[in-house]
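Sequence lines, in order, name chains R and V.
Here the working numbering is used: the first residue of the first sequence is 1, the next is one more, and so on.
Here the working numbering is used: the first residue of the second sequence is 1, the next is one more, and so on.
A couple of the hints might just be wrong.
[As the list claims (entries may be wrong)] Here are the simulated SDA-like cross-link-like pairs (lysine to any residue), alpha carbons at most 20 Å apart as the crow flies: (1) Lys110/V <-> Ala85/V; (2) Lys32/R <-> Ala91/V; (3) Lys32/R <-> Val542/V.
[Said to hold, decoys possible] Quick list of simulated restraints, FRET-style, between CB atoms: (4) Gln95/V <-> Phe39/R: 29 to 37 Å; (5) Thr17/R <-> Glu756/V: 46 to 54 Å; (6) Phe39/R <-> Leu43/V: 25 to 33 Å; (7) Leu582/V <-> Phe39/R: 35 to 43 Å; (8) Thr17/R <-> Arg21/V: 28 to 36 Å; (9) Gln7/R <-> Gly673/V: 48 to 56 Å; (10) Gln7/R <-> Ala304/V: 26 to 34 Å; (11) Phe39/R <-> Ile443/V: 20 to 28 Å; (12) Tyr106/V <-> Phe39/R: 38 to 46 Å; (13) Glu197/V <-> Gln7/R: 41 to 49 Å; (14) Gln7/R <-> Leu185/V: 28 to 36 Å.
The hints are simulated quantities; they were obtained by calculation from the structure and are not laboratory data.
Beta carbons are placed, not taken as given, at the ideal position from N, Cα and C, and that holds for glycine.
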Amino acid sequence: MKLTSTQFLIIGFFLVTYGMVIPWLMVLQVIKATYFLSFTSYAATFTGLLFGTIGISTYFRNKRRKP
Amino acid sequence: MAQTDIVTVNARGRLGRYLIRRTLTLLLTLAVGVYLAVVVANLGGYVDEIIRANIDEGLNAMGRGGYFGNIPEEDRERVFEETRAQMEEAAGLSQPFLLRCLRWTYSAMKFEWATPAIWDALPYTLLLFAIAVVILLFASLAMSLLLSLRYGSLIDRLMVALSPISAAPSWVHGIILIAIFASGLHWLPWGGLYDIEIPATRLGYILMIVRHMVLPVTAIFLSAFFTLVYTWRTFFLIHAEEDYVEVARAKGLPGRLIEQRYILRPGLSFVITNFALMVLAFWQTNIALEVYFDWPGIGRLYMAAVQMRGYSPSMVISLMTLFAYLMALSFFLLDVVYVLIDPRVGAAKQQANLSLNPWKGSRARLHGMLSRVGQVRLPEVNFGGWWRLMGRTASELDLTSWLQAMGGALLKLDVTGWARATGRWLGGAWRWLKQLRRFPSAILGMMIILMLLVMSAYAMIFVPYDQVVAHWRLSSVESLPEKAMPAWTNLFRRNKLPETQILDTQDGTASKQSTDFIDGSREVTLTYEIDYPYTGFPQDVVVDFSATYEAKHPYIVLTWIRPDGSETELASFTITSAKRYLVSQDERLVRRLDSREPLHALFINPEKSPTDAEAGQYQLRVSAFLFEPEADLDAKLFVYGQVYGMGGTDLNRRDLWLGLLWGAPAALGVGLGGAVITSVASMLLAAVGAWYGGWVDSFVQRLAEVNLTLPMLPIGIMVYFLLSKNIWVILLVIVVFTVFGAPLKTYRAAFLQVKELPYIEAAQAYGAGNGRIIRSYLLPRILPVLVPQLVALVPGFIFLEATLAMLGVSDLYLPTWGKIMYDAMINGALRGYYYWVLEPLVLLMLTGVAFALVGLALDRILNPRLRAV
Numbered sequence: 001m002k003l004t005s006t007q008f009l010i011i012g013f014f015l016v017t018y019g020m021v022i023p024w025l026m027v028l029q030v031i032k033a034t035y036f037l038s039f040t041s042y043a044a045t046f047t048g049l050l051f052g053t054i055g056i057s058t059y060f061r062n063k064r065r066k067p
Numbered sequence: 001m002a003q004t005d006i007v008t009v010n011a012r013g014r015l016g017r018y019l020i021r022r023t024l025t026l027l028l029t030l031a032v033g034v035y036l037a038v039v040v041a042n043l044g045g046y047v048d049e050i051i052r053a054n055i056d057e058g059l060n061a062m063g064r065g066g067y068f069g070n071i072p073e074e075d076r077e078r079v080f081e082e083t084r085a086q087m088e089e090a091a092g093l094s095q096p097f098l099l100r101c102l103r104w105t106y107s108a109m110k111f112e113w114a115t116p117a118i119w120d121a122l123p124y125t126l127l128l129f130a131i132a133v134v135i136l137l138f139a140s141l142a143m144s145l146l147l148s149l150r151y152g153s154l155i156d157r158l159m160v161a162l163s164p165i166s167a168a169p170s171w172v173h174g175i176i177l178i179a180i181f182a183s184g185l186h187w188l189p190w191g192g193l194y195d196i197e198i199p200a201t202r203l204g205y206i207l208m209i210v211r212h213m214v215l216p217v218t219a220i221f222l223s224a225f226f227t228l229v230y231t232w233r234t235f236f237l238i239h240a241e242e243d244y245v246e247v248a249r250a251k252g253l254p255g256r257l258i259e260q261r262y263i264l265r266p267g268l269s270f271v272i273t274n275f276a277l278m279v280l281a282f283w284q285t286n287i288a289l290e291v292y293f294d295w296p297g298i299g300r301l302y303m304a305a306v307q308m309r310g311y312s313p314s315m316v317i318s319l320m321t322l323f324a325y326l327m328a329l330s331f332f333l334l335d336v337v338y339v340l341i342d343p344r345v346g347a348a349k350q351q352a353n354l355s356l357n358p359w360k361g362s363r364a365r366l367h368g369m370l371s372r373v374g375q376v377r378l379p380e381v382n383f384g385g386w387w388r389l390m391g392r393t394a395s396e397l398d399l400t401s402w403l404q405a406m407g408g409a410l411l412k413l414d415v416t417g418w419a420r421a422t423g424r425w426l427g428g429a430w431r432w433l434k435q436l437r438r439f440p441s442a443i444l445g446m447m448i449i450l451m452l453l454v455m456s457a458y459a460m461i462f463v464p465y466d467q468v469v470a471h472w473r474l475s476s477v478e479s480l481p482e483k484a485m486p487a488w489t490n491l492f493r494r495n496k497l498p499e500t501q502i503l504d505t506q507d508g509t510a511s512k513q514s515t516d517f518i519d520g521s522r523e524v525t526l527t528y529e530i531d532y533p534y535t536g537f538p539q540d541v542v543v544d545f546s547a548t549y550e551a552k553h554p555y556i557v558l559t560w561i562r563p564d565g566s567e568t569e570l571a572s573f574t575i576t577s578a579k580r581y582l583v584s585q586d587e588r589l590v591r592r593l594d595s596r597e598p599l600h601a602l603f604i605n606p607e608k609s610p611t612d613a614e615a616g617q618y619q620l621r622v623s624a625f626l627f628e629p630e631a632d633l634d635a636k637l638f639v640y641g642q643v644y645g646m647g648g649t650d651l652n653r654r655d656l657w658l659g660l661l662w663g664a665p666a667a668l669g670v671g672l673g674g675a676v677i678t679s680v681a682s683m684l685l686a687a688v689g690a691w692y693g694g695w696v697d698s699f700v701q702r703l704a705e706v707n708l709t710l711p712m713l714p715i716g717i718m719v720y721f722l723l724s725k726n727i728w729v730i731l732l733v734i735v736v737f738t739v740f741g742a743p744l745k746t747y748r749a750a751f752l753q754v755k756e757l758p759y760i761e762a763a764q765a766y767g768a769g770n771g772r773i774i775r776s777y778l779l780p781r782i783l784p785v786l787v788p789q790l791v792a793l794v795p796g797f798i799f800l801e802a803t804l805a806m807l808g809v810s811d812l813y814l815p816t817w818g819k820i821m822y823d824a825m826i827n828g829a830l831r832g833y834y835y836w837v838l839e840p841l842v843l844l845m846l847t848g849v850a851f852a853l854v855g856l857a858l859d860r861i862l863n864p865r866l867r868a869v
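Throw the hints in and build the complete structure from the sequences for me.
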């Protein structure tokens, strides 16, 4: 595993933020709802969540092992 | 180039090739999936209609553009038709059906038929999805980590006890939330996106959307939270105690290395797959959720497109393709993340190994995903762990031998052997039940299942199917009150609500006196004594007359007598042979009572209480004047109460108890039937695939992968509205989809291991044929897996039937719990008639939870790793 737990968490946070903000902007009609934006938003949310899961799990394990 | 750089470049190349291969595979499976959907949609020629409509539109545009203007009038029609024929030819309408569908598949995959409405609706669904799953992720992880640190505490036990709640799909939780927070407490809006007044500021607009999102997001959260917490907490508890971790520690490896290589690397894939399952389940259940929360996303749009008069095939196919794309994209991203966690997944050697041992690596992890894709919701079960440990555990419980004996005898159709095996089976089942006795939750679950079985037996014996169907098909049951609560609710009231009273002169519950006159006429007096010990008002007072006469109509005078003896003339009129008089709808009476509500005027005694009815003995006197010697009159009085029977009544005055009773065999039938057919068919397919291997196995596996990307629920709904109104056909379609889901992968993995055992080799050596080996040696060996797998599938099918019914996809005649809830929801049951929707909902939840409880207990019995936690 090349990425550390913190890196996973940071990347996951940005991806999820993108995935949440884009639908909001589309719903508020700030930007036009498009095929591309919708799919990238879903992909970002999904990947961000998986990264977040990995990051939190890894972080917890590392912390728990330290005496 | 240094050696390490070469290794890195090679590894990246392998990963790149792996991801390209996965992309192509997914695109291919997606294309096959969409093709199948298009074929189904076009069975009624609906897709061809899209093309013809497009061609007509093009021809109209050409006409408006003057294309046919220069053609002489007499030739114009002919040229028009020739042009149409050429365009249809060019569009492929003259090609054979299957080939034509291939062309449409390409168009569907390019979203050529997608309308802007789809792209406008998608962000709303994505918004709901993103917010719900982010909250769910953090809450579940935080709680599971907390519980893993406080194992055995009160909160830990509480969470474990609550875990079966998440077996119910999100719309079930949604209805409960609406009933409490929207309808009951009025704290939150229960649906839609907008308030009556649209806020002027953007912040106000955002807050309005947030308020409308609270309930649907909470429903999604509740439908997954407890299961995720239970699964992850168990994972965190047991994963660090594996033998190989101890070995690594004994070898003196650094702690951080042990964590990363021996604990997280094998364990993380489980955690993220588990979470991905939950995410993918969202796409199966969001249709019902959006419909009931009136959320303007693609789920609601899909139902609108399917139910639209005239049907919108282009919209339906585009949305189905969109669902398939989203699911395929999820699988691809999951593959990418697997590679990031464990780069070995992309390695070629590992791939070869994967095809032999499906419990390892990326595709192996995907097997579990099927358990959510295939069903609306299934309880979390670690099938991999089960199977690995099955041999030892099963032998401890003597499961293998009794199931082998039972299965073997059944498969051979050997009656004597079957009888012997039944004896052993009963003995084995008893030992097995004794194991279940250790778990109070399992006992509770089995008691509920027993109660449902008793209910089903009672329904089938004492309430014949024909009777219940006839009752349910009536537009109105006149003898029952409308929307009356169950009678047992009176047990919890100080002031009891009135029950229905029916008094009839023909059955002797009302008196009838007759006086003959010289001229041949008669006066008949019907007297109804009404014992009314209530302070609430009845729904209505109705008299059904039944008169016999030849020419002269009888004349009637109705008089109401209160407990204090005061009288009020209600009405006087002549009647035909049959007439119904309703006090509440008598406008002349209302005028005579100075516009007061008639029932209030008749039951209130202002001197005692200006608002409540007066309890006491009332009387209705019907004086009828009959002008012919042979004329006669009878009448039946209905004092409709506000409570009725065990289940209450609905809008059509139908007795809900009958529907609730028959809902039990329907639910158990669908749940157990679906689970049994799925399990047996999956097991057979897996056995054949695993034994023959080669193209047979590849074909079965490819079908299973196509099944991954198919949105099962939308396809089932489409089939119902397009091809068949028979719910059993739809359920069969879904069962076929499920056969290629999780169970197939589970059994195949098990068969691949059994196939390598020495006794199979011995059977081959003595010349046993393929059929005999599969029938006599492979299948009986795997039967121990069948029971827990089957139990795990049952709630999924029960909730599936209810979900379909809630979307209007149900049997036309048989009342089911889902159908009762559907009727209740579309008739505003949550505006004061909670019992109507909550009764079937509670029974549905109880059934799902009961099977989930037994499933969880089985999981703990059969998986020794879980016994300690």
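Here is what the structure says about each hint:
1. Lys110/V <-> Ala85/V: Violated, at about 25 Å.
2. Lys32/R <-> Ala91/V: 32 Å, violated
3. Lys32/R <-> Val542/V: 60 Å, violated
4. Gln95/V <-> Phe39/R: 29 to 37 Å: Holds, since Gln95/V and Phe39/R (Cβ atoms, about 31 Å apart) stay within the stated range.
5. Thr17/R <-> Glu756/V: 46 to 54 Å: Distance hint for Thr17/R, Glu756/V holds at roughly 49 Å.
6. Phe39/R <-> Leu43/V: 25 to 33 Å: 30 Å, holds
7. Leu582/V <-> Phe39/R: 35 to 43 Å: The hinted range 35 to 43 Å is violated for Leu582/V and Phe39/R, with Cβ atoms some 60 Å apart.
8. Thr17/R <-> Arg21/V: 28 to 36 Å: 32 Å, holds
9. Gln7/R <-> Gly673/V: 48 to 56 Å: 50 Å, holds
10. Gln7/R <-> Ala304/V: 26 to 34 Å: 44 Å, violated
11. Phe39/R <-> Ile443/V: 20 to 28 Å: Because 49 Å falls outside the window, the suggested range is violated.
12. Tyr106/V <-> Phe39/R: 38 to 46 Å: 19 Å, violated
13. Glu197/V <-> Gln7/R: 41 to 49 Å: About 47 Å separates the Cβ atoms of Glu197/V and Gln7/R, which means 41 to 49 Å holds.
14. Gln7/R <-> Leu185/V: 28 to 36 Å: 45 Å, violated
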